[in-house]
Every structure is written in C-alpha cells, then in structure tokens.
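Chemist: Note that the protein sequences, when read in sequence, are chains A and B.
The numbering used here puts the first residue of the first sequence at 1, with every later residue one more than the last.
The numbering used here puts the first residue of the second sequence at 1001, with every later residue one more than the last.
Any given hint could turn out to be false.
What the hints assert, rightly or not - Calculated cross-link-like contacts (lysine-lysine; reagent style PhoX-like; alpha-carbon spacing at most 20 Å):
1. A/K271 / B/K1179
2. B/K1179 / B/K1193
3. B/K1179 / A/K252
4. A/K104 / B/K1090
5. A/K10 / A/K271
6. A/K283 / A/K271
Hints listed in this document are in silico derivations from the structure and should not be mistaken for laboratory results.
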Amino acid sequence: MTKAKTLYEKIWDAHVVDQRDDGTALIYIDRHLVHEVTSPQAFEGLRKAGRKVRRPDLTLAVPDHNLPTTARLDAEGNKIPIADPASAAQLEALEANAPAFGIKYIGASDINQGIVHVIGPEQGFTLPGTTMVCGDSHTAAHGALGALAFGIGTSEVEHVLATQTLQLSRSKSMEIRVEGLLCPGISPKDLILHIIGVIGTAGGTGHVIEYRGEVFEQMSIEGRLTISNMSIEAGARAGLIAPDDKTYAYLKGRPMAPKGADWDAAVAYWKTLPTDEGAIFDKSVTINAADVSPTVTWGTSPEDVVPVNGTVPAPESFADPSKQDAARKSLDYMGLESGQALRDVMVENIFIGSCTNSRIEDLRAAAAVLEGRKKADNVKWAIVVPGSGLVKAQAESEGLDRIFTDAGFEWREPGCSACLGMNPDKVPAGERCASTSNRNFVGRQGPGARTHLMSPAMAAAAAVTGRLTDVRELTR
Amino acid sequence: MQPVQRVEGRAIPFGQKNVDTDVIISAKWLKTVSREGLGAGAFESIRAQEGNIFDDPEYAGASILIAGDNFGCGSSREHAAWALDDMGIKAVIAPSFSDIFSGNAFKNGLLAIALPQDAINRLMEVARTDPITIDMESMSVTTPFQDRFVFEMDPFRHQCLIEGLDEIDLTMAKADAIKRHEMNSDSAQPWLKPVAA
C-alpha cells in the first residue's frame, strides 16, 4: 500500500527536479505571474548575465500595483501619461521587458488587465496541481484552485525566469479544519479574519495550510480565493483548498485553460489530488464556524481582530508582555481607546477592492447593501476598484456601477489601488478607512492612515452609516 | 554573491516583534528599478520619531540588528533586504523570521540568524554597550563576555553563504534534469502548456 499523502505532498512530489541529500529540492515552476514592482531588477540581472527567460510561455506579465486607477485613455483613445515619473518609469520597464524576453504582456488599457491574482484564475492561467509563483506575497490566493502558489522575492523571480525552478525546502503541513457552517450574513472574509485572529500572524510560519471542512466545499471559488489570499497574513506561504467539481466548472472554457481531450485528461489528474484518507498533517487547528461573527480589525496587525459588535481590547488583556506593548502602540496609532465600542468608530474613507475582495461576487455583495442608499455625509472618499477589466465590464452589465455611483462612490479602473499606498489612491494621515484589503499595517494605505479590515458588505454598511457597522442591521 | 564568513560589530537592540516589511521599507520606496539607495527609506515611520534607536549615535555604523519574533512578515518585497543592506546591516538576529524574508535575506548575503528568546534577551543587553560576533564557520554568536549561542541554518544556504556561490549558476548546472522534467510532463501532462489566449 502506498503512503497516504496530503494535497501539498502530492503537488510537491510531482515537481521535484532534483533532490539534494540535505533535504532541499529543485522544484519545477509551472506558472509565473510578473508585475511591474518586483520585476525590473530581475530582468536587469538577466541582462547583465546574458541569460534568457527559459519558458516565456509559462510566464504572464501585467501591471497592477503602481498603475493609477483613473482613466487610462482619453476621448480619442490616446494613452493618458502617468504623472509620477518613478511610477511611469517602472511601468515602462515592464512594457519593454516583457516583449524583449518574449513574455505575454497584458497592457494597462487591455480589457483583460487587472490585479495579478484576479486575472490568473480568470484567464485559466491558474490550474489545480500546478506550482505557481509571483513576486507578491498574496500569490497564496491561487491555492483556492488547488495550486501550490506562493510569493517570492525579486532574486527568486530572476531565478525562475532563468531556470523555471526554485531551490526550496519542503514546508510543514498544517490543517485548518472548520467544523460546521457559517451563520447567515457571515462572509469568507469574516472567516479568514477570524482564523488569523485565532492562530496569529506567525501561526502558519514554515507551513503550507490546507483549509478543510464542509464550509469550504460549499463556498464559491471566489470566496475560496479570499480565504487562500490571506494565508500569508497567518504567516503561511501558501494556503490550499482541494479542487472539486466547483473548481472544474469555474475553469472550464477559460481562455488559457486546457481544451478538448486535454481538458478531460487534466480533470482526471486533478481528481487524484485531494488529500488521502489517513494522511498526517504536522499541525492541525480546528475552528468552529458558528463562532464567526462579522469581523473587523482594531489594530495594526491582521491578527488584531474583533467582532464588530465587540469593544477595543485592553492591552493588559494580552498574556504576552511584548503583545501588550504592541497593542499600546497600535491603539495610539489608530486613535482608539480600550473598551471603546467598535460600532462607535466613525470612518471617513471606504475602499472596496484589492486582490482579496475585488471580484464580481464581492462587488455584488457590496452593491446589495448600497442599493437605494447613499453614503453618510462624514464619509469623504469612497471608491470601488474592480479587480480586472472583465470584472468591471461584468459589473457594468449588471448595473452595479450605477448603484455605486448613485450611493456616492467613485467607480475606478482595475488595479491594486488603495491597498498599498504606492499609487495615487491613498488614505490621508489620521483618517480612517473601512477597507476590504488585506493589511492594516502602519502606513500601509498611506503615511498615518488608519485601516480597519472587513468584508465588502461590511465596508458598504460602513459607508451608509459613516461608522463601523454590523451589516446585518441593514439587511434584516 | 560575496562570501560571508564573519560579521562583527555593534548591534542595534531593536527587539520589536512582528516587524513587517512595510515598516522596513514603505511602498513609496518601491517605485525604483534599482537595488541601490534604499537605506535612506529604511524604517522611515520609526525614524520620524524623535529619540528613535536607529538614529541613536551609540549605534552609528552598527552591522547587526536584533529583533523580536516573526521579523520581516507581510509583503514579499526584497526591497526590505536591500534597504537593510544599504543601511549597513549585515545580519539580523531574531527568534523567528517570515519565510519569504529569510529567503530574500539569503539571496543578498544578509544573515538571518534565529536564536531562542532568552539568547535574544541576553544579546539585547550586551548590544547596549558592546559588539557582537557572528561566526559562520562554527555557526555561533559570541559576545566579549564569554556568551556563546549556536544557531542552525539550512545546509544549502550555509554553503552558498560561506562560499559565495551564485544560485542561478548552480541551478543552470542541473539543466539536464530540468529538461528531463519538462519532457516527462510534456508527454504525461500535455495540458500543462497554457493555451495561447
């Protein structure tokens, strides 16, 4: 009898090119996504060493991080220049590097353009059982389709471009088993924030997570993408969900997905991937789905979560003295007092977007709350940034854009936007943002910006009331 | 990569836990096409505060940084490793590191040395007044007061660091094995080739 294996072990074993005695292995990489911020130095390195890209056909480049989310073409269809010269230079570098090395490039004004982690699944570039990398830590998202996907640094980007492999040590495996089903009105974002709160931002370090349980089986692929996306916020490099009929139905017919007989062979292989009965995980955590409420962050680490109907915790309530110190600093930065009710916290900015929550289901969930409503007067800036041109077009065909603009939101072009404060979309210092993104770090959305992470429906509810709000109050 | 056998010098007793790469180098510094000059932006939000440890003259020219658990968490930006290197840091000592940061550090010859919290506490104390030495051959951290803490390191990374090996060259030498893997998957899993959209 063969040894029972986890999904992670099966994908790893199928990609070992060379095994070293010290336990590290050379692992083949099936898919490589490239964007403008973490690639210029890698291409420069190739050029200096006179190296080529080994497999341009397995590589896909698209700009997203730096790109402004305002109109890209004028009325005559001409490119609108980018004001910031450093951003413009970085975008030009990708636009030149991709064709110079034979890599397919999706340009800024192409309808297929979008955030790398939105377009990978959308184009069928992401497939179950593949190894996938990108110079971005949220590459973990693609684990939702059963791909072993993880973020890498620029030197590794160069290594993959040159050799289509990475030298890696096998990670430990971690099972996150969720028992039961989510209560009505609770979203995948609430669940992943809750999970990070339970295991902590270093809880998954050195591990590859596999999310297991009925809640994930019932969840849509887009919901699963939100879950896997934030695995890195729990310290794990990758977060897998076993492929199933929903995965195949999602991928079938996507532009870059296999076709015809290849499709049938692929599905037959994918069906062998789920973790075998009796396979052993190095670590296992059980979460009760019924414990998950609408969740928001109060501090400056994604583990600083609390139910929206709760209060800001007291630093003394943490056992670890260094966590107490960190909590004091967080409260000072966030301008919050311990014991304060989260529902009393007023917000001036709303951001719906990012690789975590910018897909069509996210926009539908937010629009459902906003339909027939307006943003509160104290909300100064509210933007919706679709994850891709295709998501944007789909939303417009459903009339969602009008619901957003009628409510007082700006309807933008696809990109990373206000998730990371490196393009013009920033939250002003000292102001709060109800944000569907993934990181509430100090300065993440702009210097001095105060981020509260939450689901798209919760961000929409905050826009309507002007304060952090339990969305169920508006949908009852 | 330059070989790294030994790092010796003053250490900044920073000690903070969960230092994310946004704190090490914020996004506005990432709009560069070069690896140089990022030290000016390192720990910017902390250096904006008066009396911060990074601008304390006591630690001017320090080559080691001592931090708390989970150093380098968050974004994969290698700019964090480049910024530390540019500010003169040759090694970070902490109880644990994020997986991506420790990989990025390694690729740049920046040592990421993991030691238990009690060793960190002792080194933080010594760092306030005296230098610290990291010896890669014996894989140990020592102080002028006879403290000696032994660390572990992935053997492959250890060898690359002390010999200054270029990882891409090492992998290129395995070109036959890579070709074999590609030929096998071309025949067994032809669907792995993306359809040209």
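Chemist: Please go over all the hints and tell whether each is borne out by the structure.
Modeler: Hint by hint, here is what the structure shows:
At roughly 27 Å between alpha-carbon atoms, A/K271 and B/K1179 are farther apart than 20 Å, so this suggested pair is violated. For the hint pairing B/K1179 with B/K1193, the CA-to-CA distance comes to about 15 Å; that is within 20 Å, so the pair holds. At roughly 29 Å between alpha-carbon atoms, B/K1179 and A/K252 are farther apart than 20 Å, so this suggested pair is violated. Only pairs whose Cα atoms come within 20 Å are accepted, and A/K104 paired with B/K1090 is rejected, the gap being roughly 38 Å.
Proximity of A/K10 to A/K271 is assessed by CA-CA distance (about 12 Å); at most 20 Å being required, the pair is judged to hold. In summary, the hint linking A/K283 to A/K271 is not supported, as the alpha carbons are separated by about 25 Å, beyond the 20 Å threshold.
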